[in-house]
Amino acid sequence: MTKTIFPFDSQISYEQRKEAMMQEPRLIWLTGLSGSGKSTLALRLEHYFFFKHFKVFILDGDNMRSGLCSDLGFSEEDRKENLRRVGEVSKLMLDAGLTVICAFISPSGEDRSAIKNIVGEQRFIEVYVNCTVEVCEERDVKGLYAKARKGLIPNFTGVSAPYDPPALPDVEVHTAEETVEESMYKIIKLVEPAISLQTLQAYYCI
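Residue numbering for the sequence shown follows our numbering, beginning at 2 and increasing consecutively.
Hints may contain errors.
No more than 27 Å apart at the CA atoms, straight line, and that leaves these computed lysine-lysine pairs for DSS-like [what the hints assert, rightly or not]: (1) LYS19 x LYS92; (2) LYS117 x LYS190; (3) LYS56 x LYS92; (4) LYS53 x LYS151.
Quick caveat, the hints were computed from the structure, so don't treat them as lab data.
Produce the entire structure from the sequences given, and follow the hints as far as they go.
Below, the structure written as structure tokens:
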């Protein structure tokens with residue numbers, strides 16, 4: 002079990018924080034190509050769990066790169082550092098008792114393993130949003146794939162940079178063949194029991 006250490010000799014234990022939040026904190030990590038449907042699923046998951054009275058928050062490229070990671074570019078080193086910071090922020094949020102949903106391409110298995118180590122293996126749920134490059138490119142309203150194929154965006158995952166798919170994800174969805182609802186069901190079926198405390202279940206049975 003991951004040992005959670007709080008700074009400043011906090012008098013509130015991790016177990017007490019979980020009880021106060023009435024949930025088991027988990028990091029739900031959605032990985033997949035650009036255009037695979039990660040953000041769509043992340044937003045739907047946040048909505049679902051929020052209205053089931055779980056305490057959830059999304060971290061994605063926009064809210065990280067507009068603030069904490071605004072000093073980073075898109076070199077391989079900066080992308081790795083961006084993900085490392087996402088992992089460290091996620092750990093703090095988990096330690097506070099929140100459940101965090103992350104939607105990042107995160108093409109490297111090494112980087113994803115590093116994030117798992119940061120937050121603790123038991124608190125990490127890997128969701129592989131599997132979708133072919135061809136379908137992702139068809140969905141690309143921003144024209145990123147077209148720019149990448151013209152050489153305007155270097156090191157673009159799926160075009161000029163590789164994607165290392167998870168070998169053993171906790172759950173895998175196929176967004177080219179499944180509806181959003183079908184993919185959501187597969188994720189929720191795994192995640193909801195993992196973040197539910199018995200006290201939470203008992204609370205809503207009163």
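Out of the numbered hints, which ones does the structure contradict? The structure conflicts with hint 4 only, although it agrees with all the remaining ones.
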